[in-house]
Amino acid sequence: MNASQASHNARWAIPWVTTVARLVLGGVLIAAGGLKIGNPADSVVAVKAYELLPESVATTAGYALPIVEVVVGVLLIVGLMTRVAAVVAALLMFAFVFGIAWAWAHGLRIDCGCFGGGGQLGAGQEPTYLLDILRDFGLVLLGGWIVRFPPGRFALDRPLGLAGAEHPMDDEENGDGQG
Amino acid sequence: MGKAERAKSARDKIREQQAADRAREQRKKVVTYITAGAVAVAAVAAGMWYTMSRSQSEQAGAGLAPITVQPDGSVIMAKDGVTQPVVDIYEDFQCPACKELERVSGQTFKNLAAEGLAKVVYHPITIFPQDPTRANSVRAGSAARCVADGKQWMAFHDLLFENQPSESVEGFKTDELIEWGKEAGVTDPGFETCVTSQKHAQTQLDYSDKVNKQENLEGTPTVKIDGQMIDNSVIFTPKDLRDTVTGAAK
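Protein chains in written order, with this note's numbering: chain B, 3 to 181; chain E, 158 to 407.
In short, the hints are calculated from the structure, not lab data. One should not assume that every hint holds.
Some chain E residues judged to face chain B by a derived CB distance under 8 Å, without partners named [claimed, not checked]:
id : residue
1  : T189
2  : G204
3  : M209
4  : P253
5  : A254
Far from chain E, some chain B residues (derived; all Cβ distances over 12 Å) [claimed, not checked]:
id : residue
6  : N11
7  : T21
8  : T130
9  : D134
10 : L136
11 : L143
12 : R150
Glycine included, each C-beta is placed from N, C-alpha and C at the ideal position.
Next comes chain E alone, as it looks inside the complex (with noise of 0.2 Å):
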């Protein structure tokens, strides 16, 4: 082997050598890369399954309390003899935030009800100061008020957050209201005049009015417990919701 050649391999091993190392370190730049994006995509996996499994809703339970529709349009939940802890909620048929509400937690006011740990009482009232929102509001309290039978009032109130409308276009329209009505189980002959007149809107109003400042509401929903506002992360908790209330049974 002449002096050339024993210089040009020892180049080439040189060479060799620089490629090996520029394979491990790429290797090793793909493994810290892949690493570090698994952590990242496992954070964000972890954190919705803790929040999707926070707001996860009860099961329906063996079935609702007895239930009363008020005078004053309020409705009572409540089994025989159960007076407090007194659930009271505030809520607007056509606000988004208490559709999710009802999504959410509304299972659990009824079960708290039907297990005899709450007496519940649903306050719809109407929030919104401009149409096309406010009319929506008035025309599916008013028609609520129009429902006298608590089993009925509860399917229909049901119906009307499952159906709400889009902010931004005229919904609850009073033929709606009336199929809703059939559907919920209303037979009373009157529903539907009551309906079609918008009987109730004017005492839905009032009754709004006296309800906000009574209470001293800054929205809906708007749930307090013996009077006591309770916080938005807590009611849109079930697990903490259900906490709370029987805490305040004791």
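Isolated chain B, as found in the complex (with noise of 0.2 Å):
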């Protein structure tokens, strides 16, 4: 009786979880997206800034990367291709993380000490590298979450009928008609 009761409280409590998750991380990819989308040079320094890239690829992914963040990050709000968009954001931050540790890792200072005052960091001073790492990780793991248990609440997935049919217990809409 407890153990079914609980699997009942987690089948209504997981495609919410799914709906936070989606605006979570949606939104941190539309506000990224969105300040560097006006100004399109701050994120091709970026990108050149961690050496990872051959300089014209880097070109080509700093002009791309707002784009791609801001058109992800709604179909992940709206909750449209919901797997595939998770997916995507997920590859993202785990780009982001590899990115990140890598500069840790050779020693880059990411701080080109152009754009406004605050680039340079002073002599003690280090770069908040394991704080991003760890947000971003945390980032990840909510897209993980996605591509699990897509597409959650209020997603346009559902009324187009792309919804995936992994929990047919949750599909109350399409009833038994039909059996």
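Fit the two chains together into the complex; they arrive one by one in their own frames, and the hints show the way.
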């Protein structure tokens, strides 16, 4: 009895957790992309600063990044193609984790000292690599959750019939009519 | 046909009907998915096309306006008689965003000066407080001060940005600087010792300090038109930059 009650609660809670994860991850992506979209030079310089990609690839990636972030963020928020969007978002976040770890390991100080006065780090000051990695890794996990349990409540995927059939118990809308 | 058989065929029909329904639903799902995916990809492509076309650099024009190196190390590029609008460019040879500015909008500054639409003034300064970036920037900046000829200075300036070292290593080494100087057409026999001894290092630092305070710089690159700081989103968009400068001329 208890166990079945618990599993019922979980069935009820899981789609809501997915919705919250979608809103958080999508919101972060839209904010991050939106800040950069008006000034793609920022993003190009930032991608180049990591010294991970060859120059021409880095330039293209720098121009593409803010747009991809915003588009994927919007898809997540409205819950369209939720699973694919979450995979892309999680990969993006994972790439950021990798990039920051790479910068850390190579002793790069990502502070071009350029835009705004705040970019310059003082002598004893360390960039907040660990915090950034933890934050982005948390977002990777959110992406993973969405991939596992799509599309959650309030997702366009449902009315469009794109929601997977992994959780038929949640699909009250589809009922058992034709059974 | 017996009763049982009839019932069986009816069941088959229903089953076929259901299979057809499922197939139709599946097809609909695939079409919806592909449509949504295509819209998303198209949105990314359109956005990319838009930003990249806005960041498109201008083509090189007929040539360069006359360039003169000032005693304080700033460099004026203007057609004879053109005194305004004044476009001041504050940049650091080691700053990646300055390199990006030169890559995207460097040609626009040159064209505007050549067309007599502006008096462009370059101020190479050192903004980095820590090595190796600080020492790199000082070596490059003081080497540029060893070039007295305007045309050679501009070629040297372009080569420095093109060959900007990573921010994490020692770069702009004196033998490299001498090499690029030769490539830029510097023939002055004193150039080599001037670069190697970093004769103008202190001058470079003093000038940077002075300009930084005087102009209230928040960082580099900073571009001012008639003393008014121009937003980064404008200076990194060649067309907007040109419009702003020509607008200031009126």
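Quick rundown of the hints versus the structure:
For the restraint placing T189 of chain E at the interface with chain B, the shortest Cβ-Cβ distance is roughly 5 Å, inside the 8 Å limit, so the hint holds. At its closest, the beta carbon of G204 of chain E sits 4 Å from a beta carbon of chain B; the interface hint therefore holds under the 8 Å criterion. The criterion of a C-beta within 8 Å of any C-beta in chain B is met by M209 of chain E, whose closest approach is roughly 5 Å, and the hint holds. Nearest Cβ of chain B to the Cβ of P253 of chain E: about 5 Å, under the 8 Å cut. The hint holds.
Taking 8 Å as the C-beta cut-off, the interface hint given for A254 of chain E holds, the closest approach to chain B being about 4 Å. The claim that N11 of chain B lies off the interface holds: its Cβ sits roughly 30 Å from the closest Cβ of chain E, which is beyond the 12 Å cut-off. For T21 of chain B, the non-interface assignment is confirmed: its Cβ lies about 19 Å from the closest Cβ of chain E, beyond the 12 Å cut-off. Distance to chain E confirms T130 of chain B as a non-interface residue, since its nearest Cβ pair spans about 17 Å, more than 12 Å.
Non-interface call for D134 of chain B relative to chain E: holds, since the shortest CB-CB distance, roughly 18 Å, exceeds 12 Å. For L136 of chain B, the non-interface assignment is confirmed: its Cβ lies about 24 Å from the closest Cβ of chain E, beyond the 12 Å cut-off. For L143 of chain B, the non-interface assignment is confirmed: its Cβ lies about 24 Å from the closest Cβ of chain E, beyond the 12 Å cut-off. R150 of chain B, annotated as away from the interface, keeps every beta carbon of chain E farther than 12 Å; the closest lies near 19 Å.
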